[in-house]
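Colleague: As a plain string of letters, each chain reads:
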Amino acid sequence: NAGVTQTPKFQVLKTGQSMTLQCAQDMNHNSMYWYRQDPGMGLRLIYYSASEGTTDKGEVPNGYNVSRLNKREFSLRLESAAPSQTSVYFCASSAGQGAQPQHFGDGTRLSIL
Amino acid sequence: SQELEQSPQSLIVQEGKNLTINCTSSKTLYGLYWYKQKYGEGLIFLMMLQKGGEEKSHEKITAKLDEKKQQSSLHITASQPSHAGIYLCGAPLRGANSKLTFGKGITLSVRP
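If you read the sequences in order, they're chains A and B. At position 72 of the first sequence the residue is numbered 72 (our numbering), and the sequence of numbers has no breaks. At position 94 of the second sequence the residue is numbered 94 (our numbering), and the sequence of numbers has no breaks.
Please note that the accuracy of each hint is not assured.
Here are the computed lysine to aspartate or glutamate pairs in the EDC-like style, where the Cα-Cα straight-line distance is at most 16 Å [as the list claims (entries may be wrong)]:
#: 1; chain 1: B; residue 1: K36; chain 2: A; residue 2: D106
#: 2; chain 1: B; residue 1: K51; chain 2: B; residue 2: E41
#: 3; chain 1: A; residue 1: K9; chain 2: B; residue 2: D66
#: 4; chain 1: B; residue 1: K99; chain 2: A; residue 2: D106
#: 5; chain 1: B; residue 1: K38; chain 2: A; residue 2: D106
#: 6; chain 1: B; residue 1: K104; chain 2: A; residue 2: D38
These are computed hints drawn from the structure, not numbers from a lab.
With these hints in hand, go ahead and build the complete structure from the sequences.
Modeller: Okay, here's the thing in structure tokens:
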């Protein structure tokens, strides 16, 4: 069982470059989430999707866009990366529409120089 | 100040010892979620508490919710090296249907 799969696992970008982080779940879950985790700041919600076709902003959406491509996939895009976006990004999912996150991917470690 | 304070910040215990960690909210608790994270990995959902006084157990881990104190405690009995990791609590602090706000986590080390 793959669960929640994130790609890539590591990435280094230069300031101003763009990048899309991919997330896919194979559990037929309705809700999907993107978080960032920073030392001393804990886990913060960037965007979420309560069901296929819907997306909503979380606590820290500035500088990011998302796409719920289908029920399985939820991508996060950085249009013009900034050093402040250096972080570990986690995707999560849960079965119910709008339910709290239960299954997490292993994260994408992103460094922006 | 943090809306969800976790204490202690870190903890080192000898294998076999019991321990308790806490998560205290500055706002009304509509429920509370506990997760565990190992270094370099994603979060693993442990349990969800929804009602005041509720207590749940998973293997040797027991969590309780005290709505009056706006606090949850997580107790580990006879700790093992496999219990080591970061324990995070999360709660919907902006209404029962709001998304989770997370604490900063507690790092637990278990000495063999």
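Colleague: It remains to establish, for every hint, whether it holds in the given structure.
Modeller: Results for each hint:
1. B:K36 - A:D106: Distance of about 13 Å is within 16 Å: holds.
2. B:K51 - B:E41: Violated: B:K51 and B:E41 sit about 30 Å apart, past 16 Å.
3. A:K9 - B:D66: violated (39 Å)
4. B:K99 - A:D106: violated (21 Å)
5. B:K38 - A:D106: Given pair B:K38, A:D106 holds - Cα atoms ~10 Å apart, limit 16 Å.
6. B:K104 - A:D38: Answer holds: B:K104 to A:D38 is near 9 Å, not above 16 Å.
Going down the numbered hints, you'll see the structure goes against 2, 3, 4, while the others check out.
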